[in-house]
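**Q** Protein chains in written order, with the working numbering: chain A, 1 to 264; chain B, 1 to 256.
Mixed in with the good hints, there may be bad ones.
Stated by the list, open to error - DEER-style ranges, computed between Cβ atoms: (1) A:Pro137 - B:Glu48: 54 to 60 Å; (2) B:Ser85 - A:Lys74: 17 to 23 Å; (3) A:Tyr15 - B:Val117: 58 to 64 Å; (4) A:Val21 - B:Pro109: 30 to 36 Å.
If you are wondering where the hints come from, they were derived from the structure by calculation, not from laboratory data.
We put the CB at the ideal spot given by N, CA and C, even for glycine.
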Amino acid sequence: MDEAFIALDRVQHVYGGEGGVLAVEDLTLSVREGEFVAVVGPSGCGKSTLMKLATGLQFPRAGSVRVDGQAVSKPVKIAGMAFQNPTLLPWRTTLDNILLPLEIVEPHRSRLRREKAAYTEKAEALLASVGLAGFGPKFPWQLSGGMQQRASLCRALIHEPRLLMLDEPFGALDAFTREELWCVIRDLQAARKFTVILVTHDLREAVFLADKVFCMSARPGRIIAEREITLPRPRDLEVTYSPEFADIVHELRSHIKDARSGVH
Amino acid sequence: MTSKQKIALAPWVFTLGFFLLWEAACRLFGISSFVLPSPLQIGGAMWEYRTQLTFHSFHTLWMTFAGFVLAVVFGLLLGLALGSSKIVHAGTYPLLVGFNAIPKVAVVPILVIWFGVGWLPAVLTAFLISFFPIVVNVATGLATIEPEVEDVLKALGASKLDIMTKVGLPRSMPYFFGSLKVAITLAYVGSVIAEYNASKYGIGNLMARASADFNVPLLFAALIALAVLGVAMYAITAWVEKRMTGWAQRSGFAAG
Chain A
1 MDEAFIALDR VQHVYGGEGG VLAVEDLTLS VREGEFVAVV GPSGCGKSTL MKLATGLQFP
61 RAGSVRVDGQ AVSKPVKIAG MAFQNPTLLP WRTTLDNILL PLEIVEPHRS RLRREKAAYT
121 EKAEALLASV GLAGFGPKFP WQLSGGMQQR ASLCRALIHE PRLLMLDEPF GALDAFTREE
181 LWCVIRDLQA ARKFTVILVT HDLREAVFLA DKVFCMSARP GRIIAEREIT LPRPRDLEVT
241 YSPEFADIVH ELRSHIKDAR SGVH
Chain B
1 MTSKQKIALA PWVFTLGFFL LWEAACRLFG ISSFVLPSPL QIGGAMWEYR TQLTFHSFHT
61 LWMTFAGFVL AVVFGLLLGL ALGSSKIVHA GTYPLLVGFN AIPKVAVVPI LVIWFGVGWL
121 PAVLTAFLIS FFPIVVNVAT GLATIEPEVE DVLKALGASK LDIMTKVGLP RSMPYFFGSL
181 KVAITLAYVG SVIAEYNASK YGIGNLMARA SADFNVPLLF AALIALAVLG VAMYAITAWV
241 EKRMTGWAQR SGFAAG
């Protein structure tokens, strides 16, 4: 496919009006539909700004943002989001938390009440696919951090978004849980073929999951390197111990190092 | 006896001990009932004036409750307005703080000029004194929504109203119910102050009259009635709070 699903073209974004902080400048990148893209960079480089721009939560000062062939002028409505903090609502059960997006997005919104049983079944199937079968009636605080993050992924996917935005979703988890969740998101993406933009600090995570990795510079952020990851799919966790994998991680590491020291 | 039983018994023993000490002191030092009546004399006065005390207690209860309900409705609405709009918040907050700083006793004479002596000044004083904590708490609950949750919903095309009803309102409920405990106690203070100054009924009015008659045992009996009523109202709102926002207590029992 030549047509880009998401295209940012020479985007500039400033926080706080005139004389504010320049978050990103001359940011250009494009993502094809169904592609798994990771964005890495030093902290404060504007990765989260990139997410807000691509979902229509914020609009650029200069340059253009196009999603699905249209210039973004309002929230895109085709995106699901998950963050480092699971942000489940504590007064809702896990199941009701997952159904939340359906209470917002049409056509589900108007159908939800009538077809509650069908939607509940769908949510439970989704829970089962991330290893949380039977946890629907539990409240979020009764789940471990890893389980909450799984539920948060379910909430991001329940309305079958074409675009999944992940902002360091595994950052607060222990190493083993993190690797488990890599496999969860890998399998979900392989099965459903949605487009993913993953913002992360973890280079191994980026290389393991993504088809393409973008490296961003220190603020104001822009893309300083783009690396196709050609490791064959399906990828097993074993691949993370192979020399090819280590070479790619090493190469990306040197880009980040340059970005931090401001060589670019 | 286990230490658990001892703890359960302690409030009763201590309360009883307090009154026994009081009684003993009154007898030992021969304190006149005109200065400090003993608990037995107060009990006697409570029995003697039981119909009056009951009647006036219920009147006070009504005034407090009516003012409190007004405060809840108004406080909730204003809190929602403050919490959902930065302009409304910035504009009204100084006014609110300034208004809250006025001791409400000072407002009673004005209310009397406007509405005459009767039930209205009592209800209004209870309302005026108790709505502020509700406004502040509801506004705080709304203002502390996690930005990530807001982003998740906004990216789906949620309106401001959606975010308010799905996240803001439930989120501010623990703050709201927490403020009710403070508000009911304040409303009570308000209605008694107004009754004392400008009413024909209510415990406040009974006290004003007992004070004019130098009927000190009745004054103390009314005081005890006030304490009992106050504790009861506090307990009820605390119970409601626990029932309505069990999820915020984060205990294993709440899931039930």
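**Q** Any hints this thing doesn't respect? Which numbers, in order?
**A** Number 4 only.
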